[in-house]
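The numbering of the sequence shown is the working numbering, which starts it at 1 and goes up by one.
Calculated directly from the structure, the hints in this document are not laboratory data.
All residues carry an ideal CB built from backbone N, CA and C; glycine is no exception.
Be aware that one or more of the hints could be misleading.
Here are the simulated lysine to any residue pairs, SDA-like style, with alpha carbons at most 25 Å apart [said to hold, decoys possible]: (1) 204 - 258; (2) 189 - 173; (3) 189 - 170.
Here are the computed distance ranges between Cβ atoms for each label pair [as the list claims (entries may be wrong)]: (4) 219 - 56: 18 to 26 Å; (5) 6 - 205: 25 to 33 Å; (6) 150 - 54: 42 to 50 Å; (7) 95 - 131: 20 to 28 Å; (8) 201 - 230: 35 to 43 Å; (9) 256 - 219: 20 to 28 Å.
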Amino acid sequence: MDQIRPRRVAIITGAGSGIGAASARRFAADGYIVALVGRTLATLQRTMRECPAGADVHAWAADVSDMASITAVVSEVAERFGSVDVLVNNAGVAMPGAVDEVDLESYQSMMRTNFDGVFFASRAALPHLVRARGCIVNVGAVSGLGGDWGQAVYNMTKGAVRNLTNVMALDHGRQIRVNAVHPGVTLTKQYYRDALADGTSLQKRFIDRVPMGRPAEPEEAAAVIAFLAGSDASCLNGVHIPVDGGLTASNGQTNLYRSDD
Numbered sequence: 001m002d003q004i005r006p007r008r009v010a011i012i013t014g015a016g017s018g019i020g021a022a023s024a025r026r027f028a029a030d031g032y033i034v035a036l037v038g039r040t041l042a043t044l045q046r047t048m049r050e051c052p053a054g055a056d057v058h059a060w061a062a063d064v065s066d067m068a069s070i071t072a073v074v075s076e077v078a079e080r081f082g083s084v085d086v087l088v089n090n091a092g093v094a095m096p097g098a099v100d101e102v103d104l105e106s107y108q109s110m111m112r113t114n115f116d117g118v119f120f121a122s123r124a125a126l127p128h129l130v131r132a133r134g135c136i137v138n139v140g141a142v143s144g145l146g147g148d149w150g151q152a153v154y155n156m157t158k159g160a161v162r163n164l165t166n167v168m169a170l171d172h173g174r175q176i177r178v179n180a181v182h183p184g185v186t187l188t189k190q191y192y193r194d195a196l197a198d199g200t201s202l203q204k205r206f207i208d209r210v211p212m213g214r215p216a217e218p219e220e221a222a223a224v225i226a227f228l229a230g231s232d233a234s235c236l237n238g239v240h241i242p243v244d245g246g247l248t249a250s251n252g253q254t255n256l257y258r259s260d261d
């Protein structure tokens, strides 16, 4: 008689909105037991309501930048459900500013959430993932693959996530897989939808750089995250997938042969 395999357990940080919430919906639809982690319980509960009816989704309010807090959550998830198979490190914040402009509070917030949070959650989950032969999917950004104007600290933290993905893939590749998704501009907030609406000056500049001529939807990033977490990606380790409409395919030069007339 075939043995029934337990359902896989996924922890998703920053699951209260944007790509994290879209990933929660996707993993829930794919049949995972999903543990949502975020700072605000109310936003996590909203994500839970958006998941398919009957989905096995649970919320934990915690701060990923607090090592003790995220370690306690990961331990509780593992004890309650028997394993941790997937960790999606999605929590992140972005605040603009060049090196001589960004204030110390913003600097510390981005460092703590975008990098410390990924490191702490990965460290907490690692022994459970090893037992499950599981995987980590880090949500970086195209901002970690190259520079942006006016995003010094954000770019720095996402660049660090990119290289942490690499070194964990090397150090732990015999036991778990560690990969990263790097979204470009994604319509995670109404602000982005308004700023990139048809005819705006930002939309015109955006189209000039992005071959597909549009930003991504959160669900499109979530689909790539789900792929990297699944069995179809079983030999992918240390892989970086941009979800950017072709932005990073360019050398940065504008189209010299296109006429706007």
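Query raised in the report: Which of the numbered hints are not met once you compare them with the structure shown?
Result: 2, 3, 5, 7 and 9
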